[in-house]
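Chemist: We have chain V; now place chain B onto it with these hints.
There are 2 protein chains.
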Amino acid sequence: MAHPLFEKHQSLLQRAVEAVRRRTYWSAYSENPKTYGENAIEEGRQAFMAYLDAAFYLDQPGVMGRVIAEPSPYGLNLDISFPRCAPDALIAAAKGAMPTWVRAGPDLRAAVCAEILERLNARTMEIAHAVMHTTGQSLMMAFQTGGPHAQDRGLEALAQAWSEMKNVPETVVWEKPQGAHPPLVVEKRYTVAPRGIALLLACATSPTWNAYPALFASLATGNAVIVKPHPSAILPMAITVALARQTLKDAGFDANLVSLLVDDSGTPMAKDLAVNPDIRLVDCAGRTEYAEWFEDNARQAKVFTHKAGVNCVVVESTDDYKGMLRNLAVTLSLHSGQTSMAPQVILVSSEGITTPEGTHDAHQFGRDLALAIGTLVEDSARAVEVLGAIQGAATVACIDAMREFGNESGQILRDSSPLQHPHWPDARVHTPLLLRAEISDHHVFMEERFGPISFVVETATNSESLAVAERAMREKGGVTFAVYSTNPVMQQLAEETAMRAAVALSFNLTGGLSLTQSAAFSDYFGTGANPAATASLVDAAFVTNRFYVLETRRDAG
Amino acid sequence: MAHPLFEKHQSLLQRAVEAVRRRTYWSAYSENPKTYGENAIEEGRQAFMAYLDAAFYLDQPGVMGRVIAEPSPYGLNLDISFPRCAPDALIAAAKGAMPTWVRAGPDLRAAVCAEILERLNARTMEIAHAVMHTTGQSLMMAFQTGGPHAQDRGLEALAQAWSEMKNVPETVVWEKPQGAHPPLVVEKRYTVAPRGIALLLACATSPTWNAYPALFASLATGNAVIVKPHPSAILPMAITVALARQTLKDAGFDANLVSLLVDDSGTPMAKDLAVNPDIRLVDCAGRTEYAEWFEDNARQAKVFTHKAGVNCVVVESTDDYKGMLRNLAVTLSLHSGQTSMAPQVILVSSEGITTPEGTHDAHQFGRDLALAIGTLVEDSARAVEVLGAIQGAATVACIDAMREFGNESGQILRDSSPLQHPHWPDARVHTPLLLRAEISDHHVFMEERFGPISFVVETATNSESLAVAERAMREKGGVTFAVYSTNPVMQQLAEETAMRAAVALSFNLTGGLSLTQSAAFSDYFGTGANPAATASLVDAAFVTNRFYVLETRRDAG
Numbered sequence: 009m010a011h012p013l014f015e016k017h018q019s020l021l022q023r024a025v026e027a028v029r030r031r032t033y034w035s036a037y038s039e040n041p042k043t044y045g046e047n048a049i050e051e052g053r054q055a056f057m058a059y060l061d062a063a064f065y066l067d068q069p070g071v072m073g074r075v076i077a078e079p080s081p082y083g084l085n086l087d088i089s090f091p092r093c094a095p096d097a098l099i100a101a102a103k104g105a106m107p108t109w110v111r112a113g114p115d116l117r118a119a120v121c122a123e124i125l126e127r128l129n130a131r132t133m134e135i136a137h138a139v140m141h142t143t144g145q146s147l148m149m150a151f152q153t154g155g156p157h158a159q160d161r162g163l164e165a166l167a168q169a170w171s172e173m174k175n176v177p178e179t180v181v182w183e184k185p186q187g188a189h190p191p192l193v194v195e196k197r198y199t200v201a202p203r204g205i206a207l208l209l210a211c212a213t214s215p216t217w218n219a220y221p222a223l224f225a226s227l228a229t230g231n232a233v234i235v236k237p238h239p240s241a242i243l244p245m246a247i248t249v250a251l252a253r254q255t256l257k258d259a260g261f262d263a264n265l266v267s268l269l270v271d272d273s274g275t276p277m278a279k280d281l282a283v284n285p286d287i288r289l290v291d292c293a294g295r296t297e298y299a300e301w302f303e304d305n306a307r308q309a310k311v312f313t314h315k316a317g318v319n320c321v322v323v324e325s326t327d328d329y330k331g332m333l334r335n336l337a338v339t340l341s342l343h344s345g346q347t348s349m350a351p352q353v354i355l356v357s358s359e360g361i362t363t364p365e366g367t368h369d370a371h372q373f374g375r376d377l378a379l380a381i382g383t384l385v386e387d388s389a390r391a392v393e394v395l396g397a398i399q400g401a402a403t404v405a406c407i408d409a410m411r412e413f414g415n416e417s418g419q420i421l422r423d424s425s426p427l428q429h430p431h432w433p434d435a436r437v438h439t440p441l442l443l444r445a446e447i448s449d450h451h452v453f454m455e456e457r458f459g460p461i462s463f464v465v466e467t468a469t470n471s472e473s474l475a476v477a478e479r480a481m482r483e484k485g486g487v488t489f490a491v492y493s494t495n496p497v498m499q500q501l502a503e504e505t506a507m508r509a510a511v512a513l514s515f516n517l518t519g520g521l522s523l524t525q526s527a528a529f530s531d532y533f534g535t536g537a538n539p540a541a542t543a544s545l546v547d548a549a550f551v552t553n554r555f556y557v558l559e560t561r562r563d564a565g
Numbered sequence: 009m010a011h012p013l014f015e016k017h018q019s020l021l022q023r024a025v026e027a028v029r030r031r032t033y034w035s036a037y038s039e040n041p042k043t044y045g046e047n048a049i050e051e052g053r054q055a056f057m058a059y060l061d062a063a064f065y066l067d068q069p070g071v072m073g074r075v076i077a078e079p080s081p082y083g084l085n086l087d088i089s090f091p092r093c094a095p096d097a098l099i100a101a102a103k104g105a106m107p108t109w110v111r112a113g114p115d116l117r118a119a120v121c122a123e124i125l126e127r128l129n130a131r132t133m134e135i136a137h138a139v140m141h142t143t144g145q146s147l148m149m150a151f152q153t154g155g156p157h158a159q160d161r162g163l164e165a166l167a168q169a170w171s172e173m174k175n176v177p178e179t180v181v182w183e184k185p186q187g188a189h190p191p192l193v194v195e196k197r198y199t200v201a202p203r204g205i206a207l208l209l210a211c212a213t214s215p216t217w218n219a220y221p222a223l224f225a226s227l228a229t230g231n232a233v234i235v236k237p238h239p240s241a242i243l244p245m246a247i248t249v250a251l252a253r254q255t256l257k258d259a260g261f262d263a264n265l266v267s268l269l270v271d272d273s274g275t276p277m278a279k280d281l282a283v284n285p286d287i288r289l290v291d292c293a294g295r296t297e298y299a300e301w302f303e304d305n306a307r308q309a310k311v312f313t314h315k316a317g318v319n320c321v322v323v324e325s326t327d328d329y330k331g332m333l334r335n336l337a338v339t340l341s342l343h344s345g346q347t348s349m350a351p352q353v354i355l356v357s358s359e360g361i362t363t364p365e366g367t368h369d370a371h372q373f374g375r376d377l378a379l380a381i382g383t384l385v386e387d388s389a390r391a392v393e394v395l396g397a398i399q400g401a402a403t404v405a406c407i408d409a410m411r412e413f414g415n416e417s418g419q420i421l422r423d424s425s426p427l428q429h430p431h432w433p434d435a436r437v438h439t440p441l442l443l444r445a446e447i448s449d450h451h452v453f454m455e456e457r458f459g460p461i462s463f464v465v466e467t468a469t470n471s472e473s474l475a476v477a478e479r480a481m482r483e484k485g486g487v488t489f490a491v492y493s494t495n496p497v498m499q500q501l502a503e504e505t506a507m508r509a510a511v512a513l514s515f516n517l518t519g520g521l522s523l524t525q526s527a528a529f530s531d532y533f534g535t536g537a538n539p540a541a542t543a544s545l546v547d548a549a550f551v552t553n554r555f556y557v558l559e560t561r562r563d564a565g
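Same order as they appear, the protein sequences are chains V and B. First residue of the first sequence: 9, per the working numbering; consecutive thereafter. First residue of the second sequence: 9, per the working numbering; consecutive thereafter.
Bound-form chain V, shown alone:
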């Protein structure tokens, strides 16, 4: 008899596995706010507001004190206090919780994970406000990215993990003929066994979307997970952890299979914990330098990182110049370029851009793109829905530094300026900075510049454009690569470039699809094969590295 929880979620799991195999459009969780109820947004806001000035409840062991949440990029003072727990206490509790979880087996574990996702979905609007006020995303983006899209990614990882685990039978009788002698008969049992405890370091700009795949892949395969959110984005993952703990408890398991470790910028705890021998998996989405530290030092663990890179756009020709400009303007502006998918370098050759209306040179293109951005952000009420707020003050400093560069070289195509948010007077909102750069400025544009900063670079030829893009993405990493070309030869060369740089390639996006959109069950996020990431969301390697198969055999001849 299957467990009732597995009966409840079995068809969802099967449908999700099918979706992963097909990769056509599918989504389990609605991205239409109305689905969540007439007053869902307001109810979510109230649920979120109730956390403010309060102590966040988490029944975890080893509490040593409390950490206060950082203020929102929108200027709201969060003042939520989270319990700070001793890592050793969380590890000890996690170890104690695992054996029962392992014995539960793949079906029940997957079902409990699906139940957590269902409950997360019910709390989508509350989490949306929490994501908005920690990451700076606009509410609508925080809702979609932090809610249904993150849940879909979590379900995608869960489905991959479940499917891979189900490829391993539980017990077999192995019977080998021995000619005239009686056969060798051996009873064998196979147990999907966890690697150990997973440390999940969530990021500041998209905490749930980046973390859910790892959370569910690790948990479904039997591991306990310690979630360490970025100090500036604790609340979304705190809500997630609290809900996961309650779900585990309700299903009869030890809540300590998922726990929250909070720290503040003054006393970071991740690095100490990551080298603990009991930590066997580390997932880290974050700054390149930070994530690389874990790759280099957490040698006892399998380390999955999503960093950033220098994403490139090569523009050679288009049959929709205006559509291209509009699409690029949106792509550069979405959440102020604060995702690892945002492009930084736009390469145009001195041969210009072929369009149905004639050829536009790189200078003209730069001016036109600046205008397109201007059109997008001229109405501040509409602009803030696209731009959101700048998550960290360091990003504003980076804009300032790059403006300096532009002033010195006299190549500012569109300056960045602060923007007044209609509802949040203290919100940190800045329009995108668009610069021109020469190939000789490669030390400037070929370093990652986080935030709404991009460069139009003129090359000698389209081949040089591809070569510069390839070098940037091979050396610095790349998550996205966009090429505008109607020329089949150029497209072929671009595909070869993408293969060598191991970066996903998007051709001729001029409509509603932005380069920075990555759909669960269809798009791979990162390849894991260039410096931008060691993992891909969600390929088979992302889940198969989280468990091993323990075999027990006994003579039965």
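Where hints are given, some of them may not hold.
You can't tell identical chains apart in this list, so a pair holds if it fits in one copy or across any two.
What the hints assert, rightly or not - Lysine-lysine pairs mimicking DSS-like chemistry, simulated, CA-CA at most 30 Å apart:
#  : residue 1 : residue 2
1  : LYS310    : LYS16
2  : LYS310    : LYS103
3  : LYS16     : LYS184
4  : LYS330    : LYS310
5  : LYS42     : LYS16
6  : LYS184    : LYS42
7  : LYS184    : LYS330
8  : LYS257    : LYS174
9  : LYS103    : LYS16
10 : LYS279    : LYS103
Since the hints were made in silico from the structure, they are not lab data.
Modeler: What follows is chain B alone, placed relative to chain V:
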């Protein structure tokens, strides 16, 4: 239309995938010598002898000189010269060969790999003699392990790789509804893309068995493979590489997808090559210290190692004392303990061993096991079929050093002595050394002692036996763990120990199955989760880490 080669091998591939999923007994390649023809053994011997005193033909680029094969452990002078090629030339050739191989796609690549296996199978007896005269295995073991068993393992890896690649569709149209607006329509293409060039370091004691899974997993997923055999076991992999190159060529591909890099002990080349940025996969079966070097230094690559450990046996009770002794004697003697599966430490508590005939104490057990080994090796003609020859002189030195330890502590249960081989007067044959050790000698028995050296260790309690085994395998690694117990509580504790140490567990082997036997399509070899190995043969992670999926999308709305 499917390629004829795929049509030829499709059903074999499908059957192999089914076998991996079922894990019941199945084998694709016969382990009955007669299947290979009436005079197959003799014909194989002649084919092997034809290599002696000759130049091994390999049409590879960058030849810089030649390397001479080392003498056989059986005393035969091989005097085969292999071309030594410049690593840079092999890398350049491999890079040039890959794009066409990638475009061929998973089905055709898998079919070419299956064709290589079919041709290897036809050359089984020739390879058997090559394995015998490089590893020291007896001819019959070299035939089975180096021939059909190695081929089965290769096919198992190929099937896993093919199955994982086939989970990824080639093209889809992704169509996302947009409410009242027209849907977003995106054409997406997914290409299974190789990580790069794989460096495969084959070992000295079982070169084909350990190497074929990596060879076929890497090749099938699109990577080029440079095979670097151990200087003392070049011939089996040279034959394999030459045959793979010819098969690739016959199928219309560039032979440089597989190449052989030979070196000698004086001028080793593996470490330099392993840190080359173009090397993205490293497989290494070998000594712990050696393999760990690659784990620590080849940071640009995914590194899969199979090292060795301190395998333990815990004896608590048995209903077949004589069967157990006989089984242990064979296990300790097979190929003179020169596999990573051979046990080294046998733990018996001072409570003794419960049997139907009463309790035997640890001293009695030690004497009885020594006698069982004596019975096995008393007839030298029969003994050499089990023992084979000692592969390396260092192993004889290790036996001597451990005899010293035994002499000092006065605890030699059965001394090792040279044995005259009836056909090969200069063969390096030595009987197993069985020692008693105290728990306080842990610095001696808890270090890996390669070869036919084992220790009977008396513990205070059966719990201590499990605890010592757990510590040995957690700290030093373990590939196999054998427990003799008829007690369900003890069995349960043993399973928990195995789970914590991440080591495969065998209960009560008293019949024809030896602890050191690992069957393709059923047994996992290594877990990849303790220090003995970072990989498991053949689990999903072994193949999924060798490729990434490159996505190309374009607006089609």
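Chemist: A separate judgement is required for each hint: does it hold in the structure or not?
Modeler: How the hints compare with the structure:
| no. | hint | result |
| --- | --- | --- |
| 1 | LYS310 with LYS16 | neither (33 Å within a copy, 39 Å between copies) |
| 2 | LYS310 with LYS103 | both (18 Å within a copy, 28 Å between copies) |
| 3 | LYS16 with LYS184 | between (40 Å within a copy, 27 Å between copies) |
| 4 | LYS330 with LYS310 | neither (46 Å within a copy, 44 Å between copies) |
| 5 | LYS42 with LYS16 | within (25 Å within a copy, 55 Å between copies) |
| 6 | LYS184 with LYS42 | between (61 Å within a copy, 18 Å between copies) |
| 7 | LYS184 with LYS330 | between (69 Å within a copy, 23 Å between copies) |
| 8 | LYS257 with LYS174 | within (25 Å within a copy, 38 Å between copies) |
| 9 | LYS103 with LYS16 | within (28 Å within a copy, 50 Å between copies) |
| 10 | LYS279 with LYS103 | within (20 Å within a copy, 38 Å between copies) |
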